[in-house]
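Visitor: Residue numbering for the sequence shown follows our numbering, beginning at 1 and increasing consecutively.
It should be emphasised that the hints constitute simulated quantities derived from the structure, not laboratory data. Please read these numbers as outputs of a predicted model, since none were measured by experiment. Hints are supplied without guarantee of correctness; some may be wrong.
Label-pair restraints from in silico Cβ distances [said to hold, decoys possible]:
1) D192 to D152: 26 to 36 Å
2) N65 to A188: 20 to 30 Å
3) E94 to D192: 31 to 41 Å
For glycine and all other residues, C-beta sits at the position ideal for the given N, C-alpha and C.
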Amino acid sequence: MQRRAAGSNAGIAVAAGLAIAATGAFGADRLALWEIVHDKCVVDEETNGAPAPCESVDLAGGEENGVAILKDRVGQAQFLAIPTRRISGIEAPEILQPSAPNYWRAAWAARSLMDKRLERTPKRDMIGLAINSSLARSQDQLHIHIDCVAPDVRAAIAAHLGELSEDWRPLSFDLKGRRFDARLLSSADLADAAPFRLLAQGDPGAADNMAKETLVAIGADLTSGPGFVLLARRGDSATGDVAHGEDLLDHSCAAAN
């Protein structure tokens, strides 16, 4: 795996600025996230033990299995969980392998970074994780958004939580004007779960259309204990539906303040 020299700070700094902004701006360098994680965060972690500009880089399982956490410039407390290996996005077949790193667990654990920025600890159902479809994303490096849940989305899910089960089924209501499929997942921290595989193996047609899928995990308090509501939607470029699950998040974190 070729990497730029750690001393190329000027070019990397420019790439960093683009990378952090690119998640909210189409048309930017579509590999900016990869470049900053691969060329800067990993290099700094290995040489200095300080992975700037990332918040953290976990290389315990090697770079092929690592994950970086980066503050997104968009939003008060939005972070991104990004693999330290080259993976395009939700359509990449390697993320469905049993040996694939648990990027969702790393993303959920990173929610603790939000506390300092918000000066409080949001309730479980205020936090959501989202990955956009290939139709909607602005970056061709897999990344999971970590942020507050939009207040109206939170309220709607709470009102209908009793309708959901551990089987995928269409919601009886819209979220942000779109109808999602949903299921419950009993798990405290996603350590024992594989959301990508649950989508591909459980939601009809998803396995053949992963590039068009968006997947969101929202914290929930279930009757069985802590868990999540998983939400998925398949985009259709012909109708202009790009499956942008990030829309269910609130980058202002208004309700958490």
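Visitor: Against this structure, judge whether each hint is valid.
Guide: Going down the list of hints, with the structure as the test:
{"no.": "1", "hint": "D192 to D152: 26 to 36 Å", "result": "holds, 31 Å"}
{"no.": "2", "hint": "N65 to A188: 20 to 30 Å", "result": "holds, 22 Å"}
{"no.": "3", "hint": "E94 to D192: 31 to 41 Å", "result": "violated, 20 Å"}
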